[in-house]
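Given the coordinates of chain A, work out where chain B should sit on it, guided by the hints.
Next come the chains, spelled out residue by residue.
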Amino acid sequence: MDWLNDEVLRTILATLDATLRVSTPLILCAMAGLFSERSGVIDIGLEGKMLAAAFAAGSLAALTGSAWLALLAAIGVGVAMALVHAFACVTHRGNQVVSGLAINVLASGLTVVLGIAWFRQGGQTPSLPSEARFMPLQLPLADTLASVPVLGPLYRDVISGHNLLVYIALTIVPLTWWIVYRTRFGLRLRAVGENPLAVDTAGISVARLRYSAVLICGALCGVAGCYLAIAQNAAFVREMTAGQGYIALAAMIFGKWRPLPAMIACLMFGFLDAVAIRLQGIELPVIGEVPVQLIQALPYILTVVLLAGFIGRAVAPKAIGVPFSKER
Amino acid sequence: MKLLGTLALLLTAATAHAADVQPAVVFDMGGKFDKSFNQGVYDGVERFKTETGIAYREFEVTNETQREQALRRMAQRGANPVLGVGFAQAPAMEKVAAEFPDTKFTIIDAVVDLPNVQSVVFKEHEGSFLVGVLAAMASTSGKVGFVGGMDIPLIRRFACGYEQGAKHVNGDAEVIQNMTGTTPAAWNDPGRGSELSIGQFDRGVDVIYAAAGGTGVGVYQAAKDSGKLAIGVDSNQNYIHPGTMLTSMLKRVDVAAYNAFKQAMDDSWQPGVQVLGLAEDGVGWALDEHNESLISADMKSAVEGVAKQIIAGDIAVHDYTSDNNCTY
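Residue numbers (our numbering), protein chains in the order written: chain A, 1 to 328; chain B, 1 to 328.
Bound-form chain A, shown alone:
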């Protein structure tokens, strides 16, 4: 056991710590996508909504200096974008993939144009002082319990010391599970994604249910965007989502449209990312120094391997992508 020295232990703890930080926007986005897709509306616009929300949060925090106002603005913008999606896909029965793509393109262009026009910093928002951000919180007793073997350091270094939005993301997961599986709204939500006609026959509005689901999705994307711009970083930077919306979508499909497995998939992506960051340039026993390119490809290789061999068939909600028309 001599390899398990302090150095190794610290690295492991630091990696787990980073995993939580990196996974947070993924978890929020995956839960967002879950609501939308469970109701039968495909959402590839997670990325765009998150980006627009990040810009809103960055701008509002820079203008007002209040992290809470920024969070509200981010949620507002996320919901507004979701409303566009719902209007196109539910009210007008448009193609859901095209609408989602349009939202991504819109967000990618609009954030940069507005950013340049308002702040004149090449699409960035001004960098924020710590009062205007969500800063790391020390959980109670973190230092007192640190002497407890294994659990103490785990609590102090991994669980404690994150910002509020990380903890929100972690509570959203059981909450999503509870809403989807234990409430009347959740039952109807699942039903409308499987067989909207049956829901309609029962006298419940399909459009209303889908609208609510898509709007919840927008709000959660808003929180994710806010996290990126004012919690993890201290400014909005153009294209800062860097494909995380798509990774979250993949994680949700990994998790077969279920909250807990989706979260685990997000944590796995986050963990691989954290490992990739930490393995760069480190000499490993036996193998020696691992080439950077291999490390960076690792998450993608594992995705393919896991998808092909271990996850099994992912069955989507039956009515997904099909606009509901009453007349049929």
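To be clear, the hints were calculated from the coordinates, so they are not data collected in a lab.
Hints should not be assumed to be uniformly reliable.
To be verified - Covered stretches of chain B, as calculated for chain A (at least 3 residues, CB under 8 Å):
1. 28-36
2. 69-78
3. 174-188
4. 215-223
What the hints assert, rightly or not - Under 10 Å between C-beta atoms, here's a sample of chain B residues computed to sit facing chain A:
5. GLU60
6. THR62
7. THR65
8. ASP151
9. ARG203
10. ILE240
Stated by the list, open to error - Label-pair distances were calculated between CB atoms; the ranges are:
11. A:LEU164 to B:GLY313: 54 to 60 Å
12. B:LYS49 to A:THR64: 53 to 59 Å
13. B:ILE152 to A:SER205: 31 to 37 Å
14. B:LYS308 to A:VAL305: 37 to 43 Å
15. B:SER301 to A:TRP118: 27 to 33 Å
16. A:ALA207 to B:ALA98: 45 to 51 Å
17. B:SER293 to A:VAL150: 29 to 35 Å
18. A:LEU164 to B:ARG72: 23 to 29 Å
19. B:PRO91 to A:LEU164: 44 to 50 Å
20. A:ALA117 to B:SER301: 53 to 59 Å
21. B:PRO242 to A:ARG184: 52 to 58 Å
The structure presented is a predicted model; accordingly, all values stated were derived computationally and were not measured.
Glycine residues also receive a C-beta, built at the ideal position from the N, C-alpha and C atoms.
Structure of chain B alone, referenced to chain A:
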């Protein structure tokens, strides 16, 4: 009266020239307010504008396909000289410059071998050597870090010069290097920049040099949040976080941009390759009111001594791109 007369004479001279030169600049991805490379060029051409009163045309490239179009449109509209910014514009310029043999083209950071192209490149390894010296002297742990943007030879040249500088003052110094990615997205990923920095801090690093475009913003923020030091790049970035920005490696792209326009105006513009190093004042390090408290008199005299030795040829700084290897 005499003064007025001279002034009038000067003004007519300026307007006479104004008819001859119609300078144009094509900024690259990142945009003219990227607080770094492109902004340096912007400062240079703005100086030209205020000094001569000659306006210039500009374009900001926002996706890869626009480079060639933008350069060609400038040339078609009669702009002369046309300034291209960044290594990524080299293939586009090679094509367009061949189509317009009578137009003067200048490219910064790349070499295009055509009779009507002026190529300006910098000895980034010399400037990086200097900040490496400062980093190793400021570090208490003897471990200094480097975060690069996209993994290309140009960025390896920064890293290699930095490593040599750090080892020059402290033979035992450990230099931990990370690259953000292998795609252009790596220039704009502050979240990953911050994670890479935290990873390096966990391994004992206390000074990080970022040569990563917009990703650097995340590195500087992480350094500020963790109370460590960071080193900026290209433009003077000391002002971003006064007190935790040790210094910045200056690459005088502003001088290069200014000279290209000015020389075209004076008819002294020459095609061919210009290599700007320490001796030509093309690279350097930044000392201003934001970091003077971090630079001790010892450090200042040491780095100035090293600069003299490099100029005199007593210290040969190895250029990574000469043999794609960092052995010196």
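Interface hint check: B:ILE240, Cβ to nearest Cβ on chain A, cutoff 10 Å. Holds or violated?
OK, holds: B:ILE240 within 10 Å of chain A, min 7 Å.
Range hint compliance [Cβ, B:ILE152 to A:SER205, 31 to 37 Å]:
violated (55 Å)
Distance restraint hint 27 to 33 Å, applied to the beta-carbon atoms of B:SER301 and A:TRP118
About 45 Å separates the Cβ atoms of B:SER301 and A:TRP118, which means 27 to 33 Å is violated.
Return holds or violated for the Cβ distance of B:PRO91 and A:LEU164 against the range 44 to 50 Å.
holds (47 Å)
Answer holds if the nearest beta-carbon of chain A is closer than 10 Å to that of B:GLU60; otherwise answer violated.
holds (8 Å)
Closer than 8 Å Cβ to Cβ for three or more residues is the test here. Does the region 69-78 of chain B pass it with chain A?
Result for this restraint: violated, n = 0.
Interface hint compliance - B:THR65 to chain A, C-beta minimum distance less than 10 Å
Since chain A brings no Cβ nearer than about 15 Å to B:THR65, farther than 10 Å, the hint is violated.
Can you let me know if the beta-carbon spacing of A:ALA117 and B:SER301 is within 53 to 59 Å?
47 Å Cβ-Cβ, so the 53 to 59 Å window is violated.
Just to be sure I understand the hint, the distance between the Cβ atoms of A:LEU164 and B:GLY313 should be within 54 to 60 Å; is that true here?
holds (57 Å)
Is 29 to 35 Å respected by the C-beta to C-beta distance linking B:SER293 and A:VAL150?
Given range 29 to 35 Å: violated, Cβ gap about 43 Å.
Given a hint of 23 to 29 Å, does the C-beta separation of A:LEU164 and B:ARG72 actually sit inside it?
violated (51 Å)
That 37 to 43 Å hint for B:LYS308 and A:VAL305 (C-beta), does it hold up?
Violated, since B:LYS308 and A:VAL305 (Cβ atoms, about 56 Å apart) do not stay within the stated range.
The structure fails to meet hints 2, 7, 12, 13, 14, 15, 16, 17, 18 and 20 from the earlier list, while all remaining hints are met.
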